[in-house]
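Position chain F against the provided structure of chain R, taking the given hints into account.
From first to last, the protein sequence lines are chains R and F. Using my numbering, read the first sequence as starting at 1 and increasing by one per residue. Using my numbering, read the second sequence as starting at 1 and increasing by one per residue.
Note that these hints are calculated values from the structure, not bench results. Even glycine gets a Cβ: it sits at the ideal position worked out from N, Cα and C. Check before you lean on any hint, since a few could be wrong.
A short, non-exhaustive set of chain R residues, derived as facing chain F with CB atoms under 8 Å [unchecked claim]:
1. ASN197
2. GLU339
3. GLU350
4. GLU379
Spelled out from the first residue to the last, the chains are:
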Amino acid sequence: MEDGLLTDLVPLLSNIEDSNILSYYDEWAMFPTYTNGSIYSIPGDVAEVSCMGTFVRKDWLEKFGMEEPKTMDEYVDYLLACVNNDPDGNGEADTYGFGGDNGDWKYFAPFLYSYKADVNHFVKADDGTIVHGSTQPQVKEALALMAELYQKGVFEPSIFSASEGETLFAEGKVGSFYRYLSSLNPSQQYLQSFYQNNPDGEYEVIEPIQGPDGFSSDERENGTGWCSYAITNNCENPQRVMEIMDEIASGEMFIMNKWGVEGETYELTEDGAVNFIVDETKRNEMGLSTFTGFVNRKDAYNIQNSKEVNELFARAAKTSLPLNEYRAVLGTTGDCWKEYGAELDKLRDEYFYGIIMGERPVDDFDEYVELFYAHGGKEVEEEANRMYAEQDASYQEFCQRYQEWFQ
Amino acid sequence: MGNHRTKGQKNIWAKLWKYRYLYLLAFPGMLYFIIFRYVPMYGVVIAFQDFRISKGIWGSEWVGLEQFHKLFTGLSFPSVFRNTVIISLYKLILGFPAPIILALLLNEVKNQRFKKVTQTIVYLPHFISWVILAGLIAMFLHPDSGLINELVKLFNDGKGIDFLVSKKYFRSILVITDIYKGIGWGSIVYIAAISAIDPTVYEAAMVDGANRFKQMWYITLPELKSTIVVMFILNMGGILNAGFEQILLLYNARVYDVADVIDTYVYRNGIMSSNYSMSTAAGLFKSVISMGLIIITNKIAHMLEEDGLW
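Chain R with its partners taken away, still in its complex shape (with noise of 0.2 Å):
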């Protein structure tokens, strides 16, 4: 841009009435694009805001007696009967309450996003100043849970290592997850075999559970691209290129783009979900799906989400506001957090898995906290603070300018 190399989209899109484009994306979605006081490129991909959800078995419970759980005490209760009950009725103890996927804090959601922990970001304190979520008092309370619940054997023996998700699942010995609730559709392989090994089993979706302070939420995506579109000058006409971007970017073209023609290419099945009628190699003759990154719709039109799925996805963007509230979300790194960031991560996921697996007693997360500010942390929450003030103030600078734009 800086060298003129790309083209300015703000008047090639205001010329295009009802644009699918602006209608689609949201102004946070399209602010990452928002350079020099224009913009010069469209997001491609925007995942959903919210992808994940509290996984628990239907009949797990059914056979417990137990509700559905909803507050953190009726959660752990389901947890440990998952452990104790013998659930799957074989007489032996090889059954868990709690099983992950190759280790990444969002996994624990339940247990720490219910606290209001979130160890992965930064967030707004009661004071409005931005910290480091690590560093809640509140995260040394679900730390203090959670290393209870190792103690009681809750978790899946392989969480800390190397675990796969997808196998777990699929085995049917774990009574709750917090997964990508794509898993919940029929076309999923994985909850297939889960089928096959558990004839009689059902997995289910909770609401976020809440916790001790009434606080409850799911985890929550940035809500903008990871890539993203542009015209370049060498362009002969480009207000014609940005009216077959927007024209692509409609529901009914992406469709007719990924999946073909109803009755043709695809059918729905009965829970609503696509089911590809033409196999590979013609499908690929055609050019079915081979271009989808530009605009990826992931809302009703994305029928690769059988319709239980699709309202999931409705459910969980709005229970997880709360932690889009609490979280300061910043659209690009620091220096300071570059240069201190690694270290930073080390000494919080040694000190935190620690406490949880007993090596460690709770207290030492006072020590940590020492150490977070002693070695780089204080310099991090105070760039991060200057950023995220200049990138409010530049948010509030590109909504305003977005209104005249596209009134």
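This is chain F only, laid out in the frame that chain R set:
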């Protein structure tokens, strides 16, 4: 004086001409080292800069030894350095003799068919990349369903051990898997050296009444001595290479304490966070130490009246 020099120069050219075909053969190899090993060396200057990709090597700011200062004062550098040396030493002490012993054992095998089959089988792991091997290791060590843990359960009240998150076992796993992967390949050079030993020496020893073990002790091992010394010097140079790929693929946050080495530290702090200058500084630091170790070990080899590397 001048006369002497021209004579010397003439000699060199005459020699070069005389061995021209040998030099021609060596040329592609030398070219490889010049292009891929010597030319890129100018890049180490970024270790003394605050390197930014946008500014390039000559546009970035010079910061002297600041990157080294940052590296050495890093929060976990002491433990990282300790881990590097400990893991390397374990691998050197336990892993270095392993191929020698294997070579000696294979040398004593009389059944040629058995020997060949064994050799092939022990070479194989060398050709499997760490990515695949790490996956296999994780499967074998899986706390619930892994083969090893099925055995452990028999002796441990039915409870498996999660080896890969255990600070107690992690380094042993590194050393054992490293030996498993490298032992066959490492033994090739020794087997070759053994096959070069003159058989008449053994015959003479047999006539003198030496049994197999004595032959091994008094003939094979002394004959292998210079090979062992050279291999040892080369291994010393790599002492700060504790095995980046292996550790990166096997470790996790739970064992940072015992497993985080310089390379993985640099990978996370340097490459992943695009602090290229810091990674380069760490690389340079490692090279300097390695160079020093090679020189010292070579000196010692000379003192022990061995050939050494040069």
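Checked hints:
no.: 1; hint: ASN197; in the structure: 14 Å, violated
no.: 2; hint: GLU339; in the structure: 7 Å, holds
no.: 3; hint: GLU350; in the structure: 5 Å, holds
no.: 4; hint: GLU379; in the structure: 13 Å, violated
Violation of the numbered hints given earlier is confined to hints 1 and 4; the remaining hints are satisfied by the structure.
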